[in-house]
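Student: Generate coordinates for the entire structure from the input sequences, incorporating the hints supplied.
Line by line, the protein sequences give chains U and S. Mapped onto my numbering, the consecutive letters of the first sequence carry residue numbers 1 to 431. Mapped onto my numbering, the consecutive letters of the second sequence carry residue numbers 1 to 431.
Since the hints were made in silico from the structure, they are not lab data. Please note that a few of the clues may not be correct.
[Claimed, not checked] If you want the footprint, here are the derived chain S segments under chain U, 3+ residues with CB under 8 Å:
(1) 187 to 195
(2) 203 to 217
(3) 310 to 322
[Said to hold, decoys possible] Stretch-level coverage of chain S by chain U, calculated; a stretch enters the list once three of its residues show a Cβ under 8 Å from a Cβ in chain U:
(4) 106 to 119
(5) 135 to 148
(6) 398 to 408
(7) 423 to 430
Heads up, the beta-carbon is just placed ideally off N, CA and C, and yes, glycines get one too.
There are 2 protein chains.
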Amino acid sequence: MKNNKIQPSILPGFMELLPKEQQIFKDIVRKITKVYEENGFLEIDTPVIEKSEVLLAKSAGETEKQVYRFNKGSNDLSLRFDLTVPFARYSAQYFNELTFPFKRYQIGKVYRGERNQRGRYREFYQCDIDIIGNNKLSINNDSFVISMVSKGFKAIGLKKYKFQISNRKILSAILNNLEIVNATEVLILIDKYDKIGEEEFKKSLNELIGVEKADVINKIINISGSNESILDQLKKLNFNSEEFQKGLEELEAVKKMLKLFGVEDNEYAINLKIIRGLDYYTGTVFETFLMENEKYGSICSGGRYDNLAQNYTDKVLPGVGISIGLTRLFFVLKEIGFINSYKIEKSMEYLIIPIGDTLEYCTEIYKKLIDKEKYVEIYLEGDKLKKKLNYANKLGIQKVILIGEDEVISKQVKIKDMISGEEKIVDIERL
Amino acid sequence: MKNNKIQPSILPGFMELLPKEQQIFKDIVRKITKVYEENGFLEIDTPVIEKSEVLLAKSAGETEKQVYRFNKGSNDLSLRFDLTVPFARYSAQYFNELTFPFKRYQIGKVYRGERNQRGRYREFYQCDIDIIGNNKLSINNDSFVISMVSKGFKAIGLKKYKFQISNRKILSAILNNLEIVNATEVLILIDKYDKIGEEEFKKSLNELIGVEKADVINKIINISGSNESILDQLKKLNFNSEEFQKGLEELEAVKKMLKLFGVEDNEYAINLKIIRGLDYYTGTVFETFLMENEKYGSICSGGRYDNLAQNYTDKVLPGVGISIGLTRLFFVLKEIGFINSYKIEKSMEYLIIPIGDTLEYCTEIYKKLIDKEKYVEIYLEGDKLKKKLNYANKLGIQKVILIGEDEVISKQVKIKDMISGEEKIVDIERL
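Tutor: Next up, the structure:
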């Protein structure tokens, strides 16, 4: 057997954590989902494997190449590559049994066979919320979903983030007005602005649409100042387009409601360069960056769309949603040292150590503490005291309760603080 | 587009729940994992996809045919079919970074391409706990893991279950003593006892090993009475075998410790017919049945094994573990009506309904309630009152806070109880 072992390893691009970090990951997930649940988002859970014809109903573009697709029996199967497509399918499938507006959250693993790269994962958790309406959905929801992320980040103690918010209608109106035929290419270019830098951006834009039109666009997307001032400058353009005015109104409504939902002015910046790729967004779009760590890219993105489930139903389901890539976020938070100083809400508080034949008595103490909802373990092995204390040390258990035969007789316990080293004798009744 | 829709559907054998049942599923998972965490089990999370050579290191027997196995690029991949093999791999891989005894829990989806059948799922959640030691592990842990299930079931309000407990060493010793060569076949047969019934069992056993030996086995496995009495009868056999005596001692120790860990005598029955298939168990084995609903089979099983990770490492890691098939458990609990009357711990408490232009004021009330950790929603759409109240009704939200322009001026709110229909006016300060 000895020479016949299989090397224990996992595939590249898959994240696996040691228990200590796993506890932190779980704590983050719990705090964020608590915010969602307190605010009325209902969880759904969809299969990881679906029919390929369903998951790939709409060409998934670049993503399609990355899909894990295979046959089992006569079935053509794919692993989900996001949580949006399954949500669209779910909404269409159970339409008659859902209550609208439908506020759903979902957390689960998704799969993309991406090129192997540090910080890029092939299996990763997404944490999505969406609100969809039946035929219509108020603009109020756009700010509401952003406020959920703000609350979630606050709940985990993350402070230095900034939402970058725009509205697609504004740029779209301008491109229409300028009669730009290769609008898609222009949008892709703007999306890359931060990556390629101002100089190269301007050069490429000039090449694409000529200097004159490029100047108009440059002027618009570089409007800067406070959020209030940006909106003022946009208003003063007096741009003659219904679509533009609609976009502006929506952006103003988002700003107003953000405040009412508790998102402060310094948590976000209106930024007309935000495009969100070539996704299906049609109004509000936003990304989120860690301040001073923008190089890691957006840690949470989303926006407004006109119709979620058109591939599966005639029902019109407009909505607004956001997605947090939790696995990637965890990676980034580790990189910037956030995880290292993260304090989880609840961890093991007591280790009860029997010394001699006192296990029976130890279980009584254990029951007392468990009934008080304490986190408590009994050391059940017959090891030496040093090894038992070492167990507490390694796992960061703060208090050790030592119970020898003397303690059984005196109805007392000795509590040792593993950090200060302090010991005290406590009557059981007072525990 | 209209005639171009894809039928929204999922694959057969996959469970998907509506939001209301999903909330119950989540509540059950939360309560059970809370028990595990309070008692020092640390979560791990392993990839759903692993290298086939790793997952199938030990022939998975019947299961192997059911594995979802496919290629991506040059990789031979499989979806995990249980959480035990990944745990074995994990323990070997991170051995030096783990603290022993290592108490781990894991909840996740596993995949088996089983024959399509009602109540059988191809994707299902398992919820496992295991305690493994480095080289040795006290018998105390066997009772401890069973007590965890008892606490978990109590936490969700499940009462009518019974653990069926045995120790493999006892039957093994008897088969050895009788010099039975086809012991495996005999064990398989005993495992099927309840399924095939006494008569057919006896007939088949006679055919397998002859009447004389069959009589000995029949006598042993049918020893009945109280747990105490069964142990007494086994002792009185004075069976001359070290293995038998060891098994009996272990069973006695399990009984003693179950009591100390809070598992009452009426929660379990010693039953020598319990075998747990041809798994790797070597001592304590147990299954769990719903009383009066035994036909659904075991809802939670486990046992003691000598060496977890021998396919991956020379380290000897004995352990004891249990697994709850959550998806199947949920199905069974639905069948017996348990889910229907299940009360979740926390659900939406308030729906704030703006009447007229009072949204701004509503957000103030919302903030007050959220700060008190209440579950609260604001209805953000401009619908008619009837539709708004209907939303609360459909989602089972108990209290509706109606805020019209009068309420804004009087600094009061009107609270309507959706169950009793009762309305009352409350000062905001007293909310």
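Student: Determine for every hint whether it applies to the structure shown.
Tutor: Hint by hint, here is what the structure shows:
Counting residues of the stretch 187 to 195 of chain S whose C-beta lies closer than 8 Å to any C-beta of chain U gives 0; at least three are required, and the coverage claim is violated. Against chain U, the stretch 203 to 217 of chain S contributes 0 residues with a C-beta closer than 8 Å to a partner C-beta. That does not satisfy the three-residue criterion, and the hint is violated. Under a criterion of three residues with beta carbons nearer than 8 Å to beta carbons of chain U, the stated coverage of the stretch 310 to 322 of chain S is upheld, 5 such residues being counted. For the stretch 106 to 119 of chain S, the proposed coverage by chain U is satisfied: 3 residues have a C-beta within less than 8 Å of a C-beta in that chain, meeting the threshold of three.
Counting residues of the stretch 135 to 148 of chain S whose beta-carbon sits less than 8 Å from any beta-carbon of chain U gives 6, enough to reach three: the coverage restraint holds. Chain U is given as covering the stretch 398 to 408 of chain S, and this is violated because 0 residues of the stretch bring a CB closer than 8 Å to a CB of that chain, at least three being needed. With 0 residues carrying a beta carbon less than 8 Å from a beta carbon of chain U, the stretch 423 to 430 of chain S misses the three-residue requirement, and the given coverage is violated.
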